[in-house]
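Chemist: Below, each chain spelled out in residue letters.
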Amino acid sequence: MNLLLLLAIPLLTALLVLAARNASQVRWISLLGAAVQLASTLGLYLAFRHERAVGNAAQFLFEQQYNMFSSLKIGFHLGVDGISVAMILLTAFVVVAGVLVSWNVEKMTKEFYFLLILLSLGAYGFFISLDLFILFFFLEIAVIPKYLLIGIWGSGKKEYSANKLALMLMGGSALVLVGLLGVYFSASVKSFDLVILSKGIVSPEVQNICFPLLFAGFGVFTALFPFHTWVPDGHSSAPTAGSMFLAGISMKLGGYGCLRVATYLLPQGAQHYANVVIALSVIAIVYGAFATMMQKDLKYINAYSSVSHCGFVLLGIGMLTKTSMTGAVMQMVSHGLMTALFFAVIGMIYDRTHTRQVSEMGGLLKTMPFIGSVLFIVGLCSLGLPGLSGFVAEMTVFMGSWENPDRFSRIATILSCLSIVVTAVYILRAVGKVAMGPIRADFAALPDASWNEKLAAIVLVVGILAIGTAPFWLNDLVNPATEIIKQKLMMPVPLD
Amino acid sequence: MLNATYIALIPLLPLAGFVMLGLFGRKYFRNTSGVIATVLLLASTLLALYTAYGYFFEYGKAGGVYQKLVPLKYTWLEFSKGVSIDMGIILDPISAMMLVVVTFVSLMVHIYSLAYMKGEERFPTYYAFLGLFTFSMLGLVLSSNIFQIYIFWELVGVSSFLLIGYYYDKPSAVAACKKAFIVTRFADVGFLIGILVLSYYSNTLDFNTLIANLTSPESNAYKSAAAASFLGVSALTWGLVLVFIGGAGKSAMFPLHIWLPDAMEGPTPVSALIHAATMVVAGVFLVARLFPVFAISSPNALNLVAYVGAASALFAAVIACTQTDIKRVLAYSTMSQIGYMMFALGVAHWGAGEKMLGYTASMFHLFTHAMFKALLFLGAGAVIHFVHSNEMKDMGGLRKFMPITHISFLVACLAIAGVPPFAGFFSKEEILLAAYHSNTTVYWIALITSGLTAFYMFRLYFSIFWNKEHHPHGEAHHGEGGFAMMMPLVLLAVGAAGAGFIPFGHYVTADGTRLESEFHLQFSILPVALGLAGIVLAMWLYKKQNERPDKIATSLSGLYKAAYRKFYIDEIYLFITQKIIFNLVGRPAAWFDKNVVDGLVNLTGNTTQLVSEKIKGIQSGKVQQYAIYFLVSIVGLALLFIYIWK
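Going down the list, the sequences are from chains R and U.
The numbering of the first sequence is our numbering, which starts it at 1 and goes up by one.
The numbering of the second sequence is our numbering, which starts it at 1001 and goes up by one.
Chain R extracted, bound-state conformation (with noise of 0.2 Å):
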């Protein structure tokens, strides 16, 4: 499998989709685009499977090299593990998505259409990047388009909400930047290479200062405590796509990048920050559980909850087991999938309502039966409901957590466990109210989704089955990853 192909598909499609001629063929080739990646990143994931199964061992596999800078040490360096390929298979899920429920979009459709290929390209390239200036790159890539998704096909207060989430985002790529500088010069090796760096040696003191930093700025993206306010205004100001874009693809850079990056290149630094990181993630589960629980706005609510569940993904990373790394990188495709799904309902209501006011709203299953549905379903994932994916990947999150047996942990997980009632009483109050109770007027005769809006709902609800009912492929392949950080991790400290 050559990951080449990864990146030349939606490039292809980027530019045949400023080739064409008018916006019926923007969608079709969009689509299409979209469902090659899909199918070729599926592909991936079984060539991958086929790679460990017949003994395939290395660290990364299909990796490929090219010199770019030779005196600076920059190459272009591609190659994937369970972690990426994880990544990226939710990705192409959330692009198809993505495009399909944009179908309806008459602004400006081909640039709208471009800026979502260009986005996933990015995050695309991202995920198959071992080389830390090709990822930044790819890294950046994926925060321009957003800023115009927001700035010119978003509602309400658009222009700040942009310019917010652009600016907070590139603070974050700032801190991200100098971390990398910081690691680049003082590691006993030059390289961006992270191969090579993760054999370097970096002292302890040095990863003590570029860890946070790096952490932090990768955190942005993840809705780190208290980088987090990004995350409300973004969502709501964003067109459907975009939001799903941004909560399923882009929040789970900071994800991958915080522990790719951060955790796996300075062990020592994330030892040293553990208990910071995981009082940063439990106060986000928590407190982004309450701060839900009073919001009146289905994107709001949705937003918010993302800051919780988030929280769960660098809990994960903060406990630093295998087990809780496992599951920090189940929940970055759960919720991605989750919550994709999550504003492509609440972008389906408004549609139809336009309304987003949960008050304002009732009893929607009557007259959209699929759409009502759908709410429920992706409401009782929110919560942790078995057979759903976030039941699968918090619980793996508990029982790594669990793991460490001093107090500060302890404290933590079971926090953590109560924020789940929380997040009970916010997803049933907003459900209850919207899908359920006596039915309004004005919307007894609105119409059910139509088949762009059911097939792009399938897609997801399909991939959150795919990990609920059967988590084994998921572990099985995540956890040999994790268990090489794992390894990182507990290599004896280096000596000056």
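Everything labelled a hint here was simulated from the structure, so no lab data went into it.
C-beta atoms are modelled at their ideal positions from N, C-alpha and C, and glycine is treated no differently.
Mixed in with the good hints, there may be bad ones.
Here are some chain R residues pointing at chain U (derived, C-beta under 8 Å) [claimed, not checked]:
hint: 1; residue: P226
hint: 2; residue: M293
hint: 3; residue: P386
hint: 4; residue: G387
hint: 5; residue: V392
hint: 6; residue: F398
hint: 7; residue: M399
hint: 8; residue: C417
hint: 9; residue: L418
hint: 10; residue: A424
hint: 11; residue: G437
hint: 12; residue: I439
hint: 13; residue: N475
Please build the complex by placing chain U on the supplied structure of chain R, with the hints as guidance.
Modeler: Quick look at chain U alone, frame taken from chain R:
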């Protein structure tokens, strides 16, 4: 023959029904969905009977002791070596018994609903949800892994939620289903943390290994769990108590019972299945499943089970005496009877013969209760169907119009009141005997409760079928509800009348050995006399319309009102959730986020803008200005150099 495929099919057939009717029911099976689901469940029931028969009479025993067989185990999610969630099947006396109970009652409810729910707009959805519930409940009883049981535990919770909220356009139903889910969710967190604690020390999630590790005092698991302590209580006890909290939530034990009466918003057959016969006994089942650990390793935790059970039994019985909605009376009665099962487990000990009687008695009562309580609910459903009301005041004199319902309801009342030779008599007798030998306080509470039970059940009976004369206005034409509704009543009545003669101790005991049940005539006199006294009192008060009940209610004003208002527990909960959680935690969190955290973000942005606004004048592009800056800076630097650096 023991064949795992057949056993796996028992839960999978209802699941297939759920998937099929859930996806395509509305479109393709509008009218046939009930029949499809019923046929699937009939197959399931037959397989369950076949399995139970095989287990009890063919292959279950080894050396005269019933074994815990695990014919199927499949790793579902592996956390670390040895610690994994397995999807498996455990076959032991209690799971084999529960298979029969769940499939049989569910089948009765499926058949009954064919008539009862006929014409409902969401008929296929109803049967889909029933299938989901039956699948989850069967998965729960078959679980061989503590995390597997948690998974199905949550799934029965959600099916209960969906069915309580079946009439989703009724605000009261929506409120009730949310309440049920959230209250049990709260308890489930206890269960979850309990699992974390127990699995941490025993280093497994598998029931058989976990029980073995935590009951042998030589094992490292046991030693570390007993040694670690928090607030002076050992980790092992904490783990068990937390698991019990989960069980108490599902089984509606005080003070986590508040969701059960409201759950009566669901369709009545659902109440019969979920909120009387099966799901609500899951907590009892869970404690029974972990009974060796409770009894051997943590008698303190078991004592807690006994007292919570006894308190719930009495508390609910008092409230039941005052309620006027017949389904709510039955709901409190369910809570009270589950209290019986719970404390029966609590008073049992590990050891030979008599000491473990409580365990057998509890399971026996679970079995008989499933029969007569399902019967009571289905009977109540027929009555509600007939008079279109849940309130006692709208009923009376119905014996002439509903003879089959009347007789079967009477059988169930006699059974629950403990009148020999009906089923409840035998199981309750065993429970009282077990309590008598072990814990006198619990015994006396149980005795008082049994008198109260007889009273409120016959208050219900006389108010529905006797009391004032009924004047039918137009509803008589649809009669009692036809064959589909009457057949389950008759079958369950046979069970309620005869199930007591099963020698339960021969089959279901804590350690799988045979327990001979002894019958002590002198011991039975007191409870039976109390029961009869309760019946007579109810007859005196409610058989004919009279002033006496109101007078008594007035004379007991304070107590009566408190009991009628369910001792204000709901209000206390409402106060805590609304006033404390929402106003003191939720609102400040949202405010803090909007104003402080986001305020800081905006402050950073505004400060940056402000500063650039102020200093942008420096970059004016005028050479003269730059010359001045240059001059001033040179002078400044020169001064610095001269006076400070020297």
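Chemist: Broken hints, numbered, in rising order?
Modeler: Structure breaks no hint.
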